[in-house]
Structures are given as C-alpha cells and as structure tokens.
Amino acid sequence: MRFVNHSKFYIHGLNQEKMLNLLSKITKISEIDRKSKVQTSFLCPYFEYKKVEKVLLEHGMKIEKIEHFGLAYNLKRCLTSYGLVGALLCFAVFYAIESQFVLQYDIRGLSTLQKTEIVGFINQNFSSYKPSIDTHKMENELIENFNSISFVSCMIRGQTLVINVKEKLMPEQMYGNFSPIYANKDGRITAVNLISGTLRVKVGDFVRKGDVLVEPYTVDTSGNIKKVEAKAEIVADVYNQGSASHFEHFVEVVRTGRYVVQNQVLLFGLKIYSYNEKIPYKMYEVEKEEVRLNKNILLPFKMQKIKVFELVENVIDSKFDDVKEEYIEKAREKALENVSNCDKIKEEFYNLKQQAGVTVVDYCITTEENIGVVDDC
Amino acid sequence: MFNFFNEIKENIKNPKGLEFTGFNIINLSGHLLYVEGHLGLINLSKEMISFKVKGGVVLVQGSEMLLSELSENTIKICGIIKKVEQI
Numbered sequence: 001m002r003f004v005n006h007s008k009f010y011i012h013g014l015n016q017e018k019m020l021n022l023l024s025k026i027t028k029i030s031e032i033d034r035k036s037k038v039q040t041s042f043l044c045p046y047f048e049y050k051k052v053e054k055v056l057l058e059h060g061m062k063i064e065k066i067e068h069f070g071l072a073y074n075l076k077r078c079l080t081s082y083g084l085v086g087a088l089l090c091f092a093v094f095y096a097i098e099s100q101f102v103l104q105y106d107i108r109g110l111s112t113l114q115k116t117e118i119v120g121f122i123n124q125n126f127s128s129y130k131p132s133i134d135t136h137k138m139e140n141e142l143i144e145n146f147n148s149i150s151f152v153s154c155m156i157r158g159q160t161l162v163i164n165v166k167e168k169l170m171p172e173q174m175y176g177n178f179s180p181i182y183a184n185k186d187g188r189i190t191a192v193n194l195i196s197g198t199l200r201v202k203v204g205d206f207v208r209k210g211d212v213l214v215e216p217y218t219v220d221t222s223g224n225i226k227k228v229e230a231k232a233e234i235v236a237d238v239y240n241q242g243s244a245s246h247f248e249h250f251v252e253v254v255r256t257g258r259y260v261v262q263n264q265v266l267l268f269g270l271k272i273y274s275y276n277e278k279i280p281y282k283m284y285e286v287e288k289e290e291v292r293l294n295k296n297i298l299l300p301f302k303m304q305k306i307k308v309f310e311l312v313e314n315v316i317d318s319k320f321d322d323v324k325e326e327y328i329e330k331a332r333e334k335a336l337e338n339v340s341n342c343d344k345i346k347e348e349f350y351n352l353k354q355q356a357g358v359t360v361v362d363y364c365i366t367t368e369e370n371i372g373v374v375d376d377c
Numbered sequence: 001m002f003n004f005f006n007e008i009k010e011n012i013k014n015p016k017g018l019e020f021t022g023f024n025i026i027n028l029s030g031h032l033l034y035v036e037g038h039l040g041l042i043n044l045s046k047e048m049i050s051f052k053v054k055g056g057v058v059l060v061q062g063s064e065m066l067l068s069e070l071s072e073n074t075i076k077i078c079g080i081i082k083k084v085e086q087i
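These protein sequence lines are chains A and B, in that order.
Here the first sequence is numbered in the working numbering, starting from 1 and rising by one per residue.
Here the second sequence is numbered in the working numbering, starting from 1 and rising by one per residue.
None of these hints come from the bench; they were simulated from the model.
Keep in mind that the hints are not guaranteed to be accurate.
Computed beta-carbon distance windows for the label pairs [stated by the list, open to error]:
1. Ser36/A <-> Glu7/B: 26 to 32 Å
2. Thr74/B <-> Lys35/A: 21 to 27 Å
3. Cys78/A <-> Glu85/B: 22 to 28 Å
4. Met48/B <-> Glu67/A: 26 to 32 Å
5. Ser36/A <-> Glu10/B: 43 to 49 Å
6. Leu14/A <-> Asn24/B: 29 to 35 Å
7. Ser36/A <-> Ser71/B: 22 to 28 Å
8. Glu72/B <-> Arg77/A: 29 to 35 Å
9. Glu72/B <-> Lys35/A: 34 to 40 Å
10. Arg77/A <-> Asn3/B: 29 to 35 Å
Model, not experiment: these values are computed from the prediction.
C-beta: ideal position from N, C-alpha, C; glycine also.
With the hints as constraints, model all of the structure from the sequences given.
This is the structure we're talking about:
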C-alpha cells in the first residue's frame, strides 16, 4: 500500500497541452505520460482530485478512469464500506450484551458434592445477568441449602462465576468403602494383619476364590454393630498348577516335499481363467497366494496361485524317560503362567501319573501372596 | 534565504549589462531538466517537449522523455535529453 495520497487520471481528448497548462495553475501535476496524441495519464494530489475532475469535465475532456492511492483513500474506503461498518457495529452490540452475562462456572474444592448439583441450584435461583447477581446472597443460600458446605465464597471474574467451596468433615461412618474383603485366589492362609473390620478366617484355613475374609463392621462390647472400612493384609500360600501329557505312540503328519500348482485369474472375485492340474495325492494341504496383475483400479485383475502339498502320516514311538525333562519343563511353564512377577515362590514339586501309554506331569508352584481384595461391586 | 540562481547572477561578470530575469533551466547529466519560469506547455511527446518562456520558445529534444512534474511556473523533465534549444 502506498501511503502518499494520489489520484491518477486517464484522459482522452484533443489539445491536451492546453488542458495540462490549465491544470498546472490549479494544482501540481506529475508523472505526465503522453500515451498518444489523444491519450494521457497524470497524477494529482488526492485531496485536489475533485477540482481537477471538474475542470476536465468543464473543458470537454473524457475521463477514462481515475485511480486513487494512499492511506487517506484506503481509510475512507474502509469507513464507507457499509458491510464492514455494519459487522463491526453488530459485533460491538453483541459483545456489549453478551459480556453482561455469566457464561461458565468454575467450582473448586468439591469432594463429595457434585458440580451439577451446585450449578443446578444456581441456575434455578439466580439469573445469569451479572448486575443482578448478589454474591453475598448466593453464598448464604448455598450454605443454607447444602448441609455439607461449611464455607463458600463467590465472585464474578469476567464472564465466569468462581465458587470456592469448603466441605464439612464428616464422621468416619459417613464416608468410606464398606465392602468386605474377598479372596481372589484359592490358597491356605499363612499370615493375617487386621487393621479394621471383623476377621472371618484364621491362619491355616483353606479358602477358595470369592470367600469373605474380612467383614466391614465391628461389634462393640454391648453387641452393637458399627460400620467400618474393611482393611487387612491376608497372606496365603497359593498353589499354581500346570500339566503336560506324553504319549508313547502318536501320529505325526508331515509334508513330503511334492506339490502341484493351480492358477486362477480373478476379476472382482469371479474366476476368469483357471488352470487346474489334477491332485494326485491322498492326503494334502492347500496354500493360497493372491497377486495383483496390474495397477488398474477399474479392472483389478488378480492371479490366485494355489499350491497343493502332499502329506504323509508317520507313527512316532517315544519313550517318556528320553523326554522326561522336556515335559517337566513344559508343565512348569504352564504353572508359571499363573504366577505374577512380584509373587514370592516358596516351593516347587511335581507328580507323575502313568496309565495306558500316557504319562501326565503335574507341576505345582507354591507362592506366597496377598489374596485379600475389596470388591466394589 | 540562499538562492542558487541569485548566487550565480551576482558572481558573474556582466560587462554588457544583459538582463537575467525570465527563466532558468538546469540540465542534470542529460537525464533531468529543471525549468523555472515557463509560461505554458506547447507540445508534449516522448521525443520532443516545447514550452513558452519570456522572449520565445524552448525546444527540448530527446527520447523516452516524461514530464515528471508540471506546476504553474516549474517543469521537470526526465529521460534522455539530447538537445535544449531556445528559438
């Protein structure tokens, strides 16, 4: 944008020298460019252009075009742009109205109360029009209507109503999780550390998954039941088992290495062409592979290659004593799947069961774990 | 106030008592011609510009000439100025 204010005239007519002499007496003209005998362009100060235009028209000159440049002209154009001015006015009016209302709530310090409860109460009893909100009245009414609030302060910051709440401290019976502690695994209890609640098991008891270990109450000397949060550490020996079976005779199916290939050309899943060699095998398995023949999106031809592999059955004889260690390790790995990383392993042992050509290895890992969990459901 | 033309007029020897009133022309490197005291434009083209002065007409010949400024008594001509002649 050029900041110097100028108007550029493009004029058409005869005897232009005389006209330029006349104009030079009114104002200073510059950048006079004679394009032809009848066409000239020149610059004059923007604030004088009305006078120049009047003189030109009085003397019968045809003005082809007038261009304006400069800060003053652009400013004037902006100010006379009714759409822009209208939009600015609308925005100013909208902003002036909208800024008079509370648009959001910032509620701090809640633990047992819900934000929606307080917002609902405020919306029901107070207007969102800022000048009509009495924050002292709001504080008093919140304390009166919510028993759990011991202190509250309200203030309006911009278009946000900030409410700081301090809730009353309740007796222990009125809050907390009053669920029993259950066993999360089968096991034999080895240690108990009760913090609060009533114990339902003792050291040496065998428990199953889901059994109640600690109840969430205590009974005083008068026989009254008092609700408390069940807290305890119940440690038990947990038996994690895994097994592996060994067969003295079993059938193994393997590929012989011979195979035949069948080809098909597909378009949108339909078979266009196929070459199927007869399968000469009694037992076989099939592998399919699809390859795109071209990159055409409209006609996506695909080649499907089917390989048919010949299979043969082999009867394998295996003695357990030869692979004993391998099967014990397999059973141990299965047992370890039930053990968490942080569990303490106390003992490991295994048993062998043999009958009718089958040997079963049962492996047991004993771990020491805290099995007590609080079930919220 | 310092005036360039008055300084020249005062410092020059003028035994014949010639009159220096009328018009002044300065040619700067053959690319800018400054005229003071013209009496009106006569002809304007890219090759020739002529204007009236006291006691005659001044012809300016050249190429790609542009009238940079025209006011009531001054003219500035830009371009390649080859010849300035008073007739």
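Quick one: which hint numbers does this structure break? Sort them smallest to largest.
-> 1, 3, 9, 10
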